[in-house]
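Chemist: From first to last, the protein sequence lines stand for chains U and E.
Position 90 of the first sequence, counting from 1, maps to 90 under our numbering, and the rest follow consecutively.
Position 76 of the second sequence, counting from 1, maps to 76 under our numbering, and the rest follow consecutively.
Calculated from the structure, these hints are not laboratory results.
Be aware that one or more of the hints could be misleading.
Under the rule of at most 25 angstroms between Cα atoms (straight-line distance), these lysine-lysine pairs were calculated in the PhoX-like manner [what the hints assert, rightly or not]:
#1 Lys29/E to Lys67/U
#2 Lys122/E to Lys58/U
#3 Lys77/E to Lys67/E
#4 Lys3/U to Lys29/E
#5 Lys122/E to Lys31/U
#6 Lys29/E to Lys31/U
To give an idea of the chain U side of the interface with chain E (calculated C-beta under 7 angstroms), a few residues [what the hints assert, rightly or not]:
#7 Val25
#8 Thr53
#9 Ala96
#10 Leu120
#11 Asn124
Beta carbons: idealized from backbone N, C-alpha and C, even for Gly.
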Amino acid sequence: MLKAQDIMTTDVVTISGSATVAEAVALMTEKGLRSLIVDRRYSEDPYGIVTETDIVYKVVAYGHDPKTMRVYEIMTKPCIVVPPELGVEYVARLFANTGIRRAPVIKGELLGVVSVSDILAKGNFVNQPQRPYIEDEIDAARDEARRICAEQGATSQACAAAWDIVEELQATASHNRADRALS
Amino acid sequence: MMKAKDIMTQAVATISGSATVAEAVASLKENQVRTLVVERRHPDDPYGILSETDIIYKVAAYGKDPKQVRVYEIMTKPCVVVNPDLGVEYVARLFAQTGVHQAPVVSGDLLGTISIHDILTKSDFVEKPKTYFELYCEEFPDAPEARMYDA
Numbered sequence: 001m002l003k004a005q006d007i008m009t010t011d012v013v014t015i016s017g018s019a020t021v022a023e024a025v026a027l028m029t030e031k032g033l034r035s036l037i038v039d040r041r042y043s044e045d046p047y048g049i050v051t052e053t054d055i056v057y058k059v060v061a062y063g064h065d066p067k068t069m070r071v072y073e074i075m076t077k078p079c080i081v082v083p084p085e086l087g088v089e090y091v092a093r094l095f096a097n098t099g100i101r102r103a104p105v106i107k108g109e110l111l112g113v114v115s116v117s118d119i120l121a122k123g124n125f126v127n128q129p130q131r132p133y134i135e136d137e138i139d140a141a142r143d144e145a146r147r148i149c150a151e152q153g154a155t156s157q158a159c160a161a162a163w164d165i166v167e168e169l170q171a172t173a174s175h176n177r178a179d180r181a182l183s
Numbered sequence: 001m002m003k004a005k006d007i008m009t010q011a012v013a014t015i016s017g018s019a020t021v022a023e024a025v026a027s028l029k030e031n032q033v034r035t036l037v038v039e040r041r042h043p044d045d046p047y048g049i050l051s052e053t054d055i056i057y058k059v060a061a062y063g064k065d066p067k068q069v070r071v072y073e074i075m076t077k078p079c080v081v082v083n084p085d086l087g088v089e090y091v092a093r094l095f096a097q098t099g100v101h102q103a104p105v106v107s108g109d110l111l112g113t114i115s116i117h118d119i120l121t122k123s124d125f126v127e128k129p130k131t132y133f134e135l136y137c138e139e140f141p142d143a144p145e146a147r148m149y150d151a
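Looking at chain U on its own, in the form it has when it is part of the complex (with noise of 0.2 angstroms):
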């Protein structure tokens, strides 16, 4: 399984929190980036993101003036940060369960930044699909095959069916082992 770390973009720029966002907008624009990090004031400090969205929604929406509005007025901090490990299948259900669309990721410090747009360029989810939770789903579908056949006996046909799913459930998860494997 392909991880944040192998998709995710090293090129990151930090700004600090008290730059206003016209530094913030020049800064992306000359650099060609759409988020930039916000700066931690101090080791334990969380990260914060500012991205395009931000400054649409909340400065160009409104007529504000950026040269007087500052990063901290709206960037999100803390913000949800991604381990380098996180599979990228993981990190499409992290970002579709919170609505975000990028982020940084970190361990100790900040190795960059993973994106729907680095998912779909470098993610390999098109062809190599992964149920990210399929060894839950066996579980559930081994349960199941036991309640039925417990009910309606080991030689009926509805118990057989039952764990023909699971056989094919077991069959898609070792054929995606295969591939981690490969890959």
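Position chain E relative to chain U; hints supplied.
Modeler: Same frame as chain U, but now just chain E:
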């Protein structure tokens, strides 16, 4: 005042609602765009849109096979569309209020798409931020509120 048509992206990639998500991903990569406009089925049909986010949130996040999922299952249709003459500040406000990140620019025909990125990189909001009042005065220069007085 800058308008949607001044900053929109004119190169648009379209896709059929019945295409597979795998085909949509291939088209996004090939055309180097972040959004696809879903073709109308007849002239009265509304426009639809498919974004990177739709694909990641609804397909990749669940490990569904993109070759088995169709565009119509995850697209947004009807979608918010923008008039080419709409001021950029109004586009930004519309986006903020509806939570969208991109929209087709339509006037009879599909003219382009406009995104948060277009607003940030091509508009003049840093040099000339416009409040609602200033936009109003530009639009109605003869209104009493818009009168300028020499101090």
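Chemist: Decide, hint by hint, whether the structure agrees.
Modeler: Here is how each hint holds up against the structure:
A distance of roughly 36 angstroms separates the Cα atoms of Lys29/E and Lys67/U; the hinted pair therefore is violated under the 25 angstroms criterion. At most 25 angstroms may separate the alpha-carbon atoms for a hinted pair to count; Lys122/E and Lys58/U meet this at roughly 17 angstroms. For the suggested pair Lys77/E and Lys67/E, the alpha carbons sit about 21 angstroms apart, so the restraint of at most 25 angstroms is met. For the hint linking Lys3/U to Lys29/E, the alpha-carbon distance of about 21 angstroms falls within 25 angstroms, and the restraint holds.
Restraint check for Lys122/E and Lys31/U: satisfied, since their Cα atoms lie roughly 15 angstroms apart, inside the 25 angstroms limit. Between the alpha carbons of Lys29/E and Lys31/U the distance comes to roughly 22 angstroms, so the proposed pair stays at or under 25 angstroms and holds. At its closest, the beta carbon of Val25/U sits 6 angstroms from a beta carbon of chain E; the interface hint therefore holds under the 7 angstroms criterion. Using the Cβ-Cβ criterion of 7 angstroms, the hint placing Thr53/U at the interface with chain E is satisfied: the shortest such distance is roughly 5 angstroms.
Hint status for Ala96/U: holds, given a least beta-carbon distance of 4 angstroms to chain E, under 7 angstroms. Taking 7 angstroms as the C-beta cut-off, the interface hint given for Leu120/U holds, the closest approach to chain E being about 5 angstroms. Restraint check, Asn124/U versus chain E: the minimum CB separation of about 10 angstroms is more than 7 angstroms; hint violated.
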